[in-house]
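Using full-length UniProt numbering, the first residue of the sequence shown is number 1, and each one after it goes up by one.
Note that these hints are calculated values from the structure, not bench results.
There could be a bad hint or two in this list.
Unchecked claim - In silico EDC-like cross-links for lysine to aspartate or glutamate, where the CA-CA straight-line distance does not exceed 20 Å: (1) K35 <-> E52; (2) K66 <-> E11; (3) K57 <-> E72; (4) K66 <-> D38; (5) K66 <-> E52.
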Amino acid sequence: MGNLENGERFETYCIYGAAGSGVIELNGATAHLGKIGDRLTIMSYGHYSPVEADDAKPAVILLDEKNVIVRESGTVHC
């Protein structure tokens with residue numbers, strides 16, 4: 001993750017919440033790396049075989065201040 005407000009960059013894990021809730025929360029030690037209202041860049045990565053990598057395409061999702069999707073490209077695989 002990257003915090004656009006203070007420049008912090010960190011790696012963490014995801015805990016799924018209720019779909020559509022709009023909740024994005026920092027827990028544990030990462031809670032000290034941001035505050036409510038900070039804009040975050042959330043990045044993920046995957047391991048692909050050479051064949052899978054040929055078809056892999058990035059997904060980009062932009063949210064508004066209430067974490068509602070305003071634009072997306074690509075497909076997110078969860």
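Hint check results:
Straight-line distance between C-alpha atoms of K35 and E52 comes to about 38 Å, which puts the hinted pair past the 20 Å bound. Among the hinted pairs, K66 with E11 is inconsistent with the structure: their alpha-carbon atoms are about 23 Å apart, more than 20 Å. Between K57 and E72 the CA atoms are separated by roughly 13 Å; this keeps the pair inside 20 Å, and the hint holds. For the hint linking K66 to D38, the alpha-carbon distance of about 12 Å falls within 20 Å, and the restraint holds.
Restraint check for K66 and E52: the C-alpha separation of about 35 Å exceeds 20 Å, so the hint is violated.
Of the numbered hints stated above, those contradicted by the structure are hints 1, 2 and 5, listed in ascending order.
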